[in-house]
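Student: Protein chains in written order, with our numbering: chain A, 1 to 328; chain B, 1001 to 1355; chain C, 2001 to 2439.
It should be emphasised that the hints constitute simulated quantities derived from the structure, not laboratory data.
Here the structure is a predicted model, which is why all the values come from computation and not from measurement.
From the three backbone atoms N, C-alpha and C, an ideal C-beta is built for every residue, glycine too.
Be aware that a few hints might be false.
In silico SDA-like pairs for lysine to any residue, Cα to Cα no more than 25 Å straight-line [as the list claims (entries may be wrong)]: (1) A:K252 <-> C:R2187; (2) A:K314 <-> C:P2180; (3) A:K314 <-> A:S135.
Some chain C residues near chain A, calculated using beta-carbon distances under 7 Å [what the hints assert, rightly or not]: (4) R2163; (5) G2179; (6) I2185.
Computed footprint of chain B on chain A, listed as stretches where at least three residues anywhere in the stretch have a Cβ under 8 Å from a Cβ of chain B [what the hints assert, rightly or not]: (7) 49-61; (8) 70-77; (9) 92-98; (10) 103-112; (11) 138-149; (12) 158-166.
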Amino acid sequence: MSVITYRDALNQALREEMQRDDRVFLMGEEVAVYQGAYKVSKGLLQEFGEMRVVDTPITELGFAGVGVGAAMVGLRPVIEFMTWNFALLAIDQVVNAAAKMLYMSGGQYPMPMVFRGPNGAALQLAAQHSQAWESWLAHIPGLKVITPATPYDAKGMLKAAIRDDNPVVVLEGEMLYNTKGEVPDGDYIVPIGKAEVKREGEHCTLVAHGKTVLMALQVADALEKEGIRVEVVDLRTIRPMDVETIAASVRKTNRAVVLEEGWEVCGVGAQVVDYVQRHCFDHLDAPILRVHQEDVPMPYAKNLERTAKPDVAKTIAAIRQVMYLPTA
Amino acid sequence: MCLGHGVPLRRPTLSAMAKKKTPPRSEPSFGETDAPTRASLLHSMLLQRRFEERCAEAYALGRIGGFCHLYIGQEACGTGAISLLRDDDYVITTYRDHGQALARGLTPRAVMSELFGRSDGCSRGKGGSMHLFDRNTNFLGGHGIVGGHVPIATGVGFAIKYRGTDQVILCFMGESVVNTGAFHEALNMAALWKLPVVYIIENNRYGMGTALERASAIHDIYQRGAAYDMPRAQVDGQDVLMVRAAVAEAIHRARTQSIPTLLEVRTYRFMGHSMSDAVSGTYRTKQELEEYMKRDPIHVLRAHMEERGEIDDAGMTALDEEIKAVVQDAWDFAEASPEPALESLWEDVMVETTT
Amino acid sequence: MATKVFMEALSPTMEEGRLVKWLKNEGDAVKSGDILAEVETDKAIMELVARGDGILRRRLTGDGDTSPVGSIIGVIAAADENIDALIAEASGGGGASTAAPATAAAPATAAAPATAATPATAATPAAAATPASQPPVPRPPSPVPAAAAAAAADLRSSPLARRIAAERGVELGAIQGSGPGGRIIKRDVEAAASQPPVSRLPSSVSPTAASAADYQDLPLSQIRKTIARRLAESIGPIPTFYLTAELDMERVAEMRSAMAELGDGFKVSFNDIIIKAVASALAQHPECNAHWQGDSIRQWHRVHIGMAVAIDDGLITPVIFDADRKGLRQLAAESRDLAKRARDRKLTPNEYTGSTFSISNLGMFGIDQFTAIINPPEAGILAVGSIEAKPVVIEGAVAVRRRLRVTLSCDHRVIDGAAGARFLQTLRRLIENPLLLVY
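Chain A with its partners taken away, still in its complex shape (with noise of 0.2 Å):
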């Protein structure tokens, strides 16, 4: 065990994934000479050389097609995008080919490949770079999505996305890289699939993702303070979304409030919430309520962006709300 971070964490997925099977490569942008943009692949061209952790063009959409054509013919490649703003050029090889193509094709060809990248708002970086992807892309029947939150989970579950056979989306975030966490040396697999209760409680289920799965635990141990024990639920996998430990969980504290840092309309947390009325119904007490990004697109100035994001105290007072305390 070693506490290390998040892009740390990635990096070690990725060599030990590249020394266990041949056919794994990694392609994108900065990856190879520049180290990786946010340092993920560093060290890796040193030790597998420029064929197997390979630099392109600023060609989104281009290299996203190379990976389909290696993938069909029997290689293994982990797309890296620089960050998922981008992948928005290369939506039509995502979508269209990597995500259809078993299907299409009767199933004769699978894809096993891996598309990565930081997905979401950091800090300051405007409109265009501060989008959340998972809910257009766990839309896609025949794509995997994940969104590990934790440096355990993101080396455990990028090793398991390499091996799928199919198709996976791994949406990772430059606020996460930093993160520090205990991660297991070696080898281990976090199965995609399953969510996970990162904390316990009884008096309401709180379902976040991503790096909003922090900002859970915040709230978690600011509640915790008056007695209010928060269970969080760490989806960890959008789709196929784990339906069983979220509904176990609103069974149990009978109100779940749902945080994401994607807008309101078709996110994430609207598929979450429709889970949660259809097969917890007998034990909801309050409508299921969602924290998530202002119906805007993200502003520059730092107060704007501030209130624009989903924030501790936005989900306490939806907390309150669901389990009817007077908003403190």
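Use these hints to put chains B and C onto chain A, whose structure you have.
Tutor: Chains B and C in isolation, oriented as in the chain A frame:
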């Protein structure tokens, strides 16, 4: 070989993917064909022609639904190019894929069944006209997004180089593709990294209803390759032997030097863009069509063969009868093939992962 | 457009309502929200409001009539509108064709579609069900007449609260919700479930249920309600006052001696005679032979006297049923038997419950007079002191007479001062003229 950063290439250990090398077919020296090859070319093109004609009929009768893009008039492009390939080479193409699929070796039964949406289709009824796939012949589809498959071709080239084998991939596309971003990105990387891809533009002059001159700033579109310093050429696409010669050279370059080539094969489609499109009278005149039909590629090859005394009317008729019977058999087979089982709706969305 | 006036379910458990009084006449103009009538439910008198505008064209039931919930009891329509069909429906069908919600659960399910769009989303669980578990199949809403549904739809409650209420047998309609908009939520139901049940009669009521012929229930008038409320506020749960009278016992003593001379079987005690006299007086003063029931007063037509008996560690009150109709010998025998068995602790519950009025006698202990505590829900109790010879003035001259002081404790919610006094007047007459007891 070097990708160009100055860091020498270290060949990866390939224990996980030892692949049997198929013995190379005797490579003709850039365009030479012999009589059996010519006969085989004629057979293939006529098969495609009769097959596509029956498709038009099937579509009109409702056996085929959705989009259906016919290859009639363009047979020489696919046939000439694909006839040069080894079994372990790859083909990837657009949604106008029936002809190339048959040329590559997918059976008429498998293709017709797929068009009819039956379980014996090459894609088990899940793909349809635009998504013919066959792993056995390394036929990588059948893609619906204009230009979407070109980066995929580059990726296959990358994988070939990654493994250190000498396979090649032929990437067919229409001339409208050269205006897309995907084309640009894909060719740039193929040239930059020196990948064994032969990009073949089947320039049938019309991107759906838009003539080339209205869509592209240059008209000799093979010159797009200049932007990537890529070897390039323009070929008469109605003469299968000319196509063969040009593609043979490109394949040789790819296989031995891992350098890509851009070929513009000038051809013409005798039908509309798809079954929903008028044959003529809207964006092209009947006269123009009739003019081009004089250079029917089947007639062009037949003329070559007649010159050499390799075929005559009777032979042609007999061949035609035989092929029509094959196509009829395909139709009957497809008709009798069951619709996919309802459970298959949910199959092949994901692979059950064991690792 | 005509509006049917329904006998509405004004409480969740109501099955029929008694129309106490119409407040609008046929021909009156009414607006939606106007009070049409007072209706007595199973719990209280409620106001029935109009649900439409127009003229109250027809009242189909009269003051005092009882109708089942859901039946049509009136019609509001335009002055010239033809309402024959509605009248026919009302009288022919014998009530609305739709079923009334009979249980607390039904308004809750009717409320669900009215307040939330659950039917639309609930219709989809069949398609693309997640492999994890089967979604619950929604119950179709039970048909409820429009007016009753409107009333029921106001009953907001969370699904969890409804479920807990159903499981614990708690009536949602009796709960005040603390959620937004009055939503009943889990803590409301749990609080209600943990409280002792309200408005249940104490165990002194005979388990063999009294039949309706044995009593009549008087609805509380406004004056009664006000007195009850104000006096209870000033004095405690039962606003009690006390009336004392000193009765002359000479003639009773003579009668008693005379009876004793007839033989052992004719021996009666003073208490027996007092019981008989009290019972007879109560028969003539039913307003004192009554129970307070919270929203009504139950006047009993029969007189069952609870006779307080001291036992080792307390007090028990065996009952002499129909004491006013029994002869003194029978009364005496019963009282003797009950007292003995009371002291031996051999009384069955039937024998010490069901009294309509109680008497407590501490005369044997030399108590001149005392005030007894009323045995709720009884409205009165008579405290009997000792019989003492004392000088009194009779027709201007001092004489020595045996006298008895009795004190009547009255629940002022039921018995006013004058009523109590009148009762005591009658009691005096009977005691001081005991031959009246024979008649």
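Student: Taken at face value, is the distance from the CA of R2187 (chain C) to the CA of K252 (chain A) at most 25 Å?
Tutor: 15 Å, holds
Student: Mind checking the CB of G2179 (chain C) against every CB in chain A and telling me if the closest is under 7 Å?
Tutor: 6 Å, holds
Student: Tell me whether the statement that chain B covers the segment 158-166 of chain A is true, taking a Cβ distance below 8 Å and needing three residues at minimum.
Tutor: Three-residue rule met by the segment 158-166 of chain A, so holds; n is 4.
Student: Okay, the segment 138-149 of chain A and chain B, do three or more residues pass the C-beta test at under 8 Å?
Tutor: Held - the segment 138-149 of chain A has 3 residues with a Cβ nearer than 8 Å to chain B, which meets the minimum of three.
Student: Go through the hint on I2185 (chain C) and say holds or violated, using the shortest Cβ distance to chain A against 7 Å.
Tutor: With a minimum Cβ separation of about 5 Å from chain A (threshold 7 Å), the hint on I2185 (chain C) holds.
Student: Quick check: do three or more residues in the segment 103-112 of chain A have a beta carbon closer than 8 Å to a beta carbon of chain B?
Tutor: holds (count 9)
Student: Given R2163 (chain C) as an interface hint, is the shortest Cβ-Cβ distance to chain A below 7 Å?
Tutor: Holds: closest Cβ of chain A sits about 5 Å from R2163 (chain C), inside 7 Å.
Student: Hey, K314 (chain A) versus S135 (chain A), does the alpha-carbon distance stay inside 25 Å?
Tutor: 21 Å, holds
Student: Compare the distance between the alpha carbons of K314 (chain A) and P2180 (chain C) with 25 Å, and conclude whether the hinted pair is satisfied.
Tutor: 19 Å, holds
Student: Within the assertion that chain B covers the segment 92-98 of chain A, do at least three residues meet a Cβ-to-Cβ distance smaller than 8 Å?
Tutor: As far as the segment 92-98 of chain A goes, the hint holds, because 4 residues have Cβ atoms under 8 Å from chain B.
Student: Check whether three or more residues of the segment 49-61 of chain A sit with their beta carbon closer than 8 Å to a beta carbon of chain B.
Tutor: holds (count 10)
Student: Test coverage of the segment 70-77 of chain A by chain B using CB-CB distances below 8 Å; three residues minimum.
Tutor: holds (count 7)
In this structure, none of the earlier numbered hints is contradicted; all agree with it.
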